[in-house]
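Please build the complete structure, drawing on both the sequences and the hints.
Number of protein chains: 2
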Amino acid sequence: MNTFNNLLAQLQGIVGAEQVLTEGDLTAYEQDWRKRERGKALAVVRPASTDEVAQVVKACAAAQVSLVPQGGNTGMVVGSIPDTTGTQVLLSLRRLNRVRAVDAANLTVTVEAGCVLQTLQEVCEKEGFLFPLSLAAEGSCTIGGNLATNAGGTQVVRYGNTRELCLSLEVVTAQGEVWSGLTGLRKDNTGYDLRHLFIGSEGTLGVITAATLRMYPLPASQLTAFAAVPSLEAAVQLLGLAHKYLNAGLTGFEVMGDFALSLVRKHFPQQTVPFAGLSPYCVVLENSDHESESHARAQFERLLEAALEDGCVLDAVVAENLAQARALWHIRESIPLAQAQEGLNIKHDISIAVSRIPAFVQETDALLEQHFPGVRLVNYGHLGDGNLHYNVQAPAGTDAQAFLRDQEGAINALVYAMVDRYNGSISAEHGIGSLKREKLAHHKSPVALNAMRAIKRALDPKNLMNPGRVLSIE
Amino acid sequence: MNTFNNLLAQLQGIVGAEQVLTEGDLTAYEQDWRKRERGKALAVVRPASTDEVAQVVKACAAAQVSLVPQGGNTGMVVGSIPDTTGTQVLLSLRRLNRVRAVDAANLTVTVEAGCVLQTLQEVCEKEGFLFPLSLAAEGSCTIGGNLATNAGGTQVVRYGNTRELCLSLEVVTAQGEVWSGLTGLRKDNTGYDLRHLFIGSEGTLGVITAATLRMYPLPASQLTAFAAVPSLEAAVQLLGLAHKYLNAGLTGFEVMGDFALSLVRKHFPQQTVPFAGLSPYCVVLENSDHESESHARAQFERLLEAALEDGCVLDAVVAENLAQARALWHIRESIPLAQAQEGLNIKHDISIAVSRIPAFVQETDALLEQHFPGVRLVNYGHLGDGNLHYNVQAPAGTDAQAFLRDQEGAINALVYAMVDRYNGSISAEHGIGSLKREKLAHHKSPVALNAMRAIKRALDPKNLMNPGRVLSIE
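Going line by line, the protein sequences match chains A and B. For the first sequence, this note's numbering begins at 19 and goes up steadily by one. For the second sequence, this note's numbering begins at 19 and goes up steadily by one.
Keep in mind the hints are simulated off the structure, nothing from the lab. None of these values were measured; they are calculated from a predicted model. Ideal placement from N, C-alpha and C gives every residue a C-beta, glycine not left out. Take these hints with a grain of salt, some might be off.
[Claimed, not checked] Facing chain B, a subset of chain A residues (Cβ under 7 Å, in silico):
#1 Trp-51
#2 Ser-219
#3 Gly-258
#4 Ser-369
#5 Ala-371
#6 Ala-446
#7 Leu-458
#8 Ala-476
Dropping the structure here:
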């Protein structure tokens, strides 16, 4: 206990007594976003500078106390809360939140880890640029968390994941040293790419404190279309045409199964969902154009005419104005909530090569219906990236809680076995955290797992950085 | 010697006696591309499958014999030839050269390491797609070498380096195990990104045997323009306008100093270089359009009108046909050869944030002229990526060989010190190899170097994979 008290005194000396929280309501730091688990921190420590982070890590390392870095705490896989032992320091990066510099000629922005994603989007837009990362939690997630988990979202088809948006990093290592890698370079072949190693490592190798990120010119116009497609094969065919006709203008391509849309119609009757019941799947497409709205509209018309002719679109509507566009996107964004209102469900965040998605879904749907009669499939997601939120809802009229208790394990096993057979990923964009660690050990290649463990041991030999997340090193 | 003989017999058993070369002219394997160094291999071993590569690595590891992987042997930094001891196995990947699959709906191609880049470009084009990596050695370099060195080239401004074109890898580890990571996924957050660790590691962590790479729809039209700009600041301003007006259509943006162009005029008088002597810098721009040639031309005209109005372009010409476009690109491509014909010179492959390039060049030019009077600066490169080939030619009429002997060290020291001051990279696209290893140890952050060494020791504890390249682990 003396060690802990000494450490707390040290931490207070580093960040100030008022930034070392040990009492009061710490729910926001200790409970995970989906309210699945609650931990207990030794203390919540809130440094305001990279140097303070480095000192905190050094002090914890000296005391052999482990650290859990946290940004907006909006993760989906229980990766950023402390365990229940009360012996871990919760390192909140929220105060490290400055936008350090916008470099227009380099098309980059340098920002600290604790900056909220939406704030960063707004800063860039004010300077005439787009920071394209966009996801549901953007009002509260932080850029450090986005980097640590390599967040995805709805614009990946054009701009890539957070990883692809990052040119360089500043990191505090597990030894409490600062790697000042913020060069903003687009080309740099001077050794191993440490940047990409820290990105997506979920705080298990070090603490990302700042990053230099790509910006893009703001599009002159953004148009949204909503199309009914006769099958998932047709949706994939439409995607190919969209790549061809819109090229880099294609900034969004989301698919939604009819059951998913029916839940939106049921729980949000005020929303107008086009083409209700017309087809097994619908697609939302977004076309970002750097010329003009009329050019964007002409491009969309060319695409949709070709798609109607090819038979991969049954009917389509293009938003006439921003309000209509927002309403169409809102349908897609309402699916998770509609699904929650329908009752408990089993979520999967999977990816498969785009070309194999129709076969995967057909085969997996059939197997689930065979083994779990009456089961309802809420299938939607980022088809442009091969990323499906392939969720399973209990049969209508049954006790969802009992169904999940009895069947979740078996359903997960079936779905992930199929993902393995299709050479896919059991976590496309949400990461591993604690929630999927055991699953990862089961589904990832042993060769890759061994390499990951060797790297973890090499960079964090005392296992003090977010231990137990992503992988177990025992 | 007995160990070596045993090993050779084993290797012959694995790949066949005729694929283990120990006699005859092995210059193509043992001499580096720029003919700076010549090594001596214990044997050149030419496996034809991933399994054979794995067996070769296992046999070498058991015998404690180190391996040097090699593709087309076109590297610039002496990274793919054996040392002079005659104790290293040269692992040639040239026979492992199949294009395994083209997946049109996934926009990917899966290809083995030994496939020549140009062959891959042609295979993709035949299927209606673009594989955008393009560089001078494309007729003989291999995709495995491109990945191992994270090759750059002329299309990076739009499509990124080789790294950004790679979705997944197959790798033989230093232990001779196969990591079959060829998923073709665009999103996969299941642990550390091993792909990006192997890419750019120059064969020091394992052997890349195959990759799944991104393809893009073929553009409907590609237009090239050549513009005279009043300064490097103006070139950067033009780049900003090009991003805004052409957006993702901007697929090339190369800058060329007037002295570099004067060498082309001098040594290749049959070439017509526009705007001779009009301005200190010229730029080649490429606009790839997915609609039509007339649309591409209209876009270029909009851009160039705006640039003329802003004063960042003095004059410009847009190629009327493919032959003219090739001729304009040929001017840019002729600079290295013209420079060689002018005499020996000191090469630098550096990058700086785009916004800081004008200041860097002005300051470094002045310092060089001050300390090395009469020195001539051949400055050209991929300005769109902040990558300059900032080369130094001996003063006119002097003995270039003597100048290099006496001054190369001091000139390198001056240039790289300036690169450090501008937070740039001493190797933007060519890598480290043996040639820049000591320089890297001097210029890279010690924190990063320590992390690199820890990773090397973790993944290749016996130091058998291309030892002595990139970093020394002692």
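Checked hints:
1. Trp-51: violated (16 Å)
2. Ser-219: holds (6 Å)
3. Gly-258: holds (6 Å)
4. Ser-369: Holds: closest Cβ of chain B sits about 5 Å from Ser-369/A, inside 7 Å.
5. Ala-371: Holds. Min distance 4 Å.
6. Ala-446: Hint on Ala-446/A: holds, closest Cβ of chain B at ~4 Å, below 7 Å.
7. Leu-458: Holds. Min distance 6 Å.
8. Ala-476: holds (4 Å)
In summary, the one numbered hint that this structure violates is 1.
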